[in-house]
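Chemist: The lines below spell out each chain.
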Amino acid sequence: MTSSVAEIPTPPPAPSSPQGSAASGRRRRLGAGNSLAAKGEPMVWLTGGALALAVAMIVCLLVYVFCQGIVTFWPVPLTHAKMGDGTVLMGEQTRAEWYRLDDTAIKQLPPEVQLAAQAAKKAGEGLVHRRLLRTGNFDLTGTHFHWINDFAIETETTPRNAMVVERLEKGRFYGTPKSITIAGKNLVTANGSEDNAALDEIWQAFVEHHDTVVARRDEIEHLEKHVLGIESARETNARLEMRGEEIVHGLESEEYVKAEAHFQQVRAEVEKRTVEVRQAAEKLKAQNRGFLVTMTTAQGVEKNIDLADIVRMYPANNLSLTEKWSLYFSRWWEFFFADPREANSEGGVWPAIIGTLTMTLAMALAVVPFGVLAALYLREYAKSGPITSAVRIAINNLAGVPSIVFGVFGLGFFCYVMGASIDELFYPANLADNNPVYGKGAVIWASLTLALLTVPVVIVAAEEALAAVPNSMREGSYACGGSKWQTIRRIVLPHAMPGIMTGTILAMARGAGEVAPLMLVGAVKLAPELPFSMGDWSGSLGPIPTGPIHFDRSFMHLGFHIYDLGFQSQNSEAAKPMVFTTTLLLIAMVAGLNLMAIWLRARLRKRFVSGGF
Amino acid sequence: MTEQLATHTKPTATDSQDAGVAIQPQPPAETAKEGRLEAVARGEVVPAIIDPALEDEKHVLEISNFNLWYGKKQALLDISMSVPRGKVTAMIGPSGCGKSTLLRCVNRMNDLIDTVRIKGDMLLNGDTIYAPTVDVIELRKRMGMVFQKPNPFPMSIFENVVYPLRIDGERNKDVLESVCERSLRGAALWDEVKDRLHESGLSLSGGQQQRLCIARAIASEPEVLLLDEPCSALDPIATGKVEDLIHELSGEYSVLIVTHNMQQATRISDYTAFMYLGQLIEYSPTATMFTGPKLKETEDYVTGRFG
Ligand SMILES: Nc1ncnc2c1ncn2[C@@H]1O[C@H](COP(=O)(O)OP(=O)(O)OP(=O)(O)O)[C@@H](O)[C@H]1O
Ligand SMILES: [Mg+2]
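If you read the protein sequences in the order shown, they are chains D and S.
Those letters in the first sequence? Residues 1 to 613, per our numbering, in order.
Those letters in the second sequence? Residues 614 to 920, per our numbering, in order.
In case anyone wonders, no lab produced these hints; they're calculated from the structure.
Treat the hints loosely; a few may be bogus.
Said to hold, decoys possible - Once the Cα atoms are required to be at most 25 Å apart in a straight line, the calculated SDA-like pairs of lysine to any residue come out as:
#, chain 1, residue 1, chain 2, residue 2
1, S, Lys686, D, Ser384
2, D, Lys225, D, Trp333
3, S, Lys754, D, Pro470
Remember, predicted model here, so these are calculated numbers, not experimental data.
The task is simple: from the sequences and hints, build the whole structure.
Modeler: The structure is reproduced here in structure tokens:
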């Protein structure tokens, strides 16, 4: 090969060349070596640079999200600032920045601080430093945040006894306790914010009683949401049955009369039970009302807070490291396993986790058999030709269709055609009630829409895996008298399995991260009921019972949650930390899926590594 | 084009054949060499020299005027030969002359390649192989095949061996086990693997893998065994074992084996066919082939002077 290259007639030697014709072959090679392209060095830099740039961008994004997400739940100290104009602010510092302060803005400042502002501006060469304090107490001040200019601060302290109160509603509260009432009796009253002994006693009392109050609150919630929910579902079902009989047999029929009687009976029962449950809940609530803590804000306003309304309270400036860590982890715990509150900007994302998992798994169940069968046909059965090539190109193009288009298709076809047909067939009473079961956004339609979206990924991956099965294996099977299907089932598929699995998991990762189409076919801001619930086995798809999986329900989704928090929230500054933690969680889930793919592939590949040679 | 040339050169070919049958006088063979291989290289059809001894045999496989094209390229030209029953027939010839192709045609393995076109027919015990009505799967079950490169399946050794039976739906464990043992013993592999039958077939060494493939090929007791250089991946000891195996199998089975090893051909085969560039050149009893071939070019090839 090399020699044949050397023998190719060379162009006449350059006039500058002093060598004779005998050395022309060698000289030609030398000449080629001098050209830029032949050296290869610049290409190394170019390609390496491109890679480095891509990696750097990805790493920066990940590190940013990771850092922001990981620090979110760490307790920060409470800053108490007395401003030059006499106002007092207290809160947690969320961020700080330098900004350009122009003279007109200085003129608008209170006269006491104008001088200081000018001095600060001069010192900072036109820039001044300011901080964003999360001052909370929304119910008193009507705002969550305050910017404070450093130059406008007269004194700044971190008071030992100041408390952060995370409330169920209206956001955080910052203040100093004044007194605590336990079971209706005032236990201690502090004499000002420096009365350490009394304040410590209040703190102890709070720690002692908070858990029992919360337990009672959880019990109330269980009664009001879960127990009453079941009761009202019972009534609804009886009513729908009655409606169904009305539609099928008419108002005069015996069936209808029977169903109506049944409904009346159920309604009476439910009403009775509801009253009982409400009474029980009311009793617990009354008990809880006896527990409250009176707080004084930095501005000196007093406020009573029910212990039942408090998620957690802590003295932010008086925490040991272990206390900080346990606070940190309890917040993560809440983030994972609690329901969201405050328009999703506080609390947890449990429903979104469950929703995402249910939807992704259902999608995988739908997409894998479909995609693998299609790939099998393309690779094993279809004769190669223009049609097969066209189909392949079409599949690859399908992967490039904007995902929102799939969403529109899903809404139009799955929800409004398939869903509506299912409703007409199996849920006429719900339909008559103007309350469609499947003819609306639902987790099943979201799964199928995403299945459609990711089927090209699976087909391409499965085809590649099938193509990687050595032909000698197939020949071996055919030579033994195996039919095509036997060969595929016993030899080809097991061999291609690692590749197919990898493709599946990659498709799942892609599907789990998708948002746009979901907004149209079932993802919602707040879902009252989970699409998967071990406590409720009444799920059904038409006549098929599906146990704990409720395919008809709309669901919360982590990706949609991020969008909702970041861009639809009333209080986006307060929701920002949640955006980062949720993003981190979603990235972790997708990364976990990818790692699983790698691990699975490595494990299964081992089976196919030949010991020969 | 080819046929025209063929008719054109026919006289020469007949001449040389006559000369070959007449044998002895060396000079005619010399001239024949020039004419014959040159003619083959030009793509002319040169009739093969076939020893009359073959006509006395019972034939398990008859190949008649078989042609094969890979796309536009013709790989087999007008091959006619009969494989005797219960004997070992070796096929020799330089690399790329079409030995594997011919072997793969016997169990219609070439159906799997889209570009392949064939003309002519083969008969297996009188049944046609190349007719649209033939059930290819049933046909393949009557033959066992071992490929040039070992191709065990990614499953246990046991499952590898009983694969042909599994395909037939055999479930009886006793039957499967006895077949497995018999086949592995037959392939001289039993002693090495009897304690690890449930390990992956891929965990074996290359030579063991090849013997595993042989075991698989004889598991369903085929009428014909097609071996494509079964020993190319084996060490001398394993080769010896396989050769012994082939010896034992002959008589019961008819074996068609491709080999590049002349000694091996002399050791194990009863008949030898010499192919060159897609054509059958000479086909004789092995003894004749290696001691006094009718053609000079055959002698050159088997003695290593060319090819
Ligand atoms: N799948 C194929 N497509 C096209 N041409 C092929 C194909 N397989 C084989 N050929 C060609 O057919 C001719 C015969 O090949 P074959 O494999 O039968 O040779 P062989 O005699 O077995 O050689 P070797 O001793 O090296 O195994 C060769 O020229 C080869 O290039
Ligand atoms: Mg070959």
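Chemist: Check each numbered hint from earlier against the structure, then list the numbers of those it violates in ascending order.
Modeler: Hint check: nothing fails, all pass.
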